Amino acid sequence: MLRYLLRRLALIVPTFVGVTLLSFMLIHLVPGDPIEIRFGEQAVTQEQLDALRHQYGYDQPLWRQFLRYEGEVMRGDLGKSVVTRDTVWSEFVTLFPATIELSVCALLFAVLLGMPMGVVAAVRRGSAFDYGLMGTAVTGASMPIFWWGLMMILVFSVGLGWTPVSGRIGDAFYVEPWSGFMLVDCHFSDDAGACASAWSHLVLPTIVLGTVPLATIARITRSSMLDVLNEDYIRTARAKGLATPRVVVVHALRNALIPVVTVLGLQVGALMGGAILTETIFSWPGIGHWLIDSIQRRDYPVLQGGTLLIAVLVIGVNLGVDVLYGFLNPRIRR
Amino acid sequence: MTGRLAAFWRSFAENRGAVLGLGVMGVLIVLAVLADVLALHSPIEQFRSNFLTPPAWQAGGDWAFPLGTDDVGRDILSRLIHGARLSLVIGFSVVALSLATGTVLGLTAAFAGGVVDVAIMRLMDIVLVFPSLLLAIVIVAILGPGMFNAMLAVAIVTLPGYTRLSRASALSELARDYVTATRAAGASTRRLMFDTVLPNCLAPLIVQASLGFSTAILDAAALGFLGLGAQPPTPEWGTMLAGALQYYQRAWWVLAFPGFAILATVLAFNLFGDGLRDALDPKLKR
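Those protein sequence lines, which keep their order, are chains A and B.
Residue 334 is where the first sequence ends in the numbering used here, and the numbering goes up by one at each step.
Residue 286 is where the second sequence ends in the numbering used here, and the numbering goes up by one at each step.
No lab work stands behind these hints: they were computed from the structure.
Hints are not guaranteed to be accurate.
Residues from chain B that face chain A, not an exhaustive set, calculated with beta carbons under 7 Å [said to hold, decoys possible]:
#: 1; residue: Asp-125
#: 2; residue: Ala-141
#: 3; residue: Ile-262
Please read these numbers as outputs of a predicted model, since none were measured by experiment.
Every residue, glycine too, gets a C-beta built ideally from N, C-alpha and C.
Work out the full structure, taking the sequences as your base and the hints as a guide.
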């Protein structure tokens, strides 16, 4: 197990260097002078520009600049936003809980609904329910979620007035940001209205972001269950006279879960992509919204740092899933 | 050959969803080819007396604009028909570019092995670390917004799929006797790669390409929606949705139809791709 772990860790190093190289190149590839990109377009004289260029090492060869950047990244220095002058790191840390909150809710929605649906479809294979569910799932997987979200707003917020249009909480409420997770913070504020508002703001974004994962999980659970239900040990369990629900839940589902867990890990990257669109539609103050704003404001340090942090996050999650998988399935440890 | 084709069709036609998908694709192709004839109006012509006209069957509708008009009086149906042409061009170009580059990279990695293999596959791993939409956004931020750059960005982010797939299938073919025999007969590496091995790796690549069509159309529409893809007044479906953001709450038709067109197209390619996979890969058949 230790050797497996070490080998996985060693594989991360070149990936990490590559990711930082890509993010380093971003500043040099976007149109404009790196100094102006980094500090915004200000009225500076040529001498000041040269001094700054020297001070920040932009007059040195690219490979030295890259080593310098790598050092800064290792120390957690990702530069400052051109617009707000805050460090990229502090902005990320402030906004990230909103994205986690939304993503966790979406993933829970997808798992709690998708797994039972997939199991039922597999058990009643060929039934109307199975066909209906699989048709819905392939539709869900094909969904342009930016349109789906707007249609939901049109029907449930504008038409029926059931849910708010955008944001995390109503304007009338103020919740002391303690953990950054609105659902946690509102419970400590002892304001029932604030909690109701926070929950109602979460409903539509959760459904929208959870749609594609829901479809994926339902399909994977179904096909994984179908594989398992054909195994000999299931026939044995049935032959022993066990009731169908027990066979399905205790004997089949446990073994069917391994591929589902793997797919769940892979969903993290897809969730971050979906979060960009969902947060833009619902004005959800998270990382996705922040990155799209940064492009519109030409705030390239934010785009650079934010992209790098998300990539590192994905690397971390992938590693976690691999380790977990090696733990669950001794055969792949070698 | 006809026998094999007939067998393939029998197996494909078993899947009703796949046949439905193929039907929708056929309709889209007809719309795209005959867009200039079928569309009632030019997709960018502005009718000043018809701002936000509702669809014809609603009160205030006009059969001259069956699906209504947008905020500057352009006919939605005509824009959708021309948008079908754009979506198919986007899908085809992205898949062609990504498939060709990915296959060459994958075959090179499989044949060369060693450092070249490691370098290519590490590079693909790096691309895969970024959420694909985010990487596409970053690439467009570098290259500048526009339909061509958006297509290029989507082609780059979908590259690893084709590279990994062609490398894996080539590696399994390389161990076979027929490859050794051809090599012993003195065939050049290039001949081995493209004439001997590639034809035997095609089935999974064709399936991936047909599913890649839907990814390409969806991602390009998402970029258009974020203002990074095709620019107005181009009648690209995602760009049309972005334009509708200001007033969709009082004109549902400017929102509903372009999005439904994206969904129907992506769904058609996904159904077709699933059917193709089941028909081409007997191992997966249930």
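Verification of the hints:
Residue-level restraint check for Asp-125 of chain B holds (minimum Cβ-Cβ distance to chain A is 6 Å; threshold 7 Å). At a threshold of 7 Å, the smallest CB-CB gap from Ala-141 of chain B to chain A is about 5 Å, leaving the interface hint in force. Because the closest C-beta pair between Ile-262 of chain B and chain A is about 5 Å apart, less than 7 Å, the hint holds.
The structure shown violates none of the earlier numbered hints.
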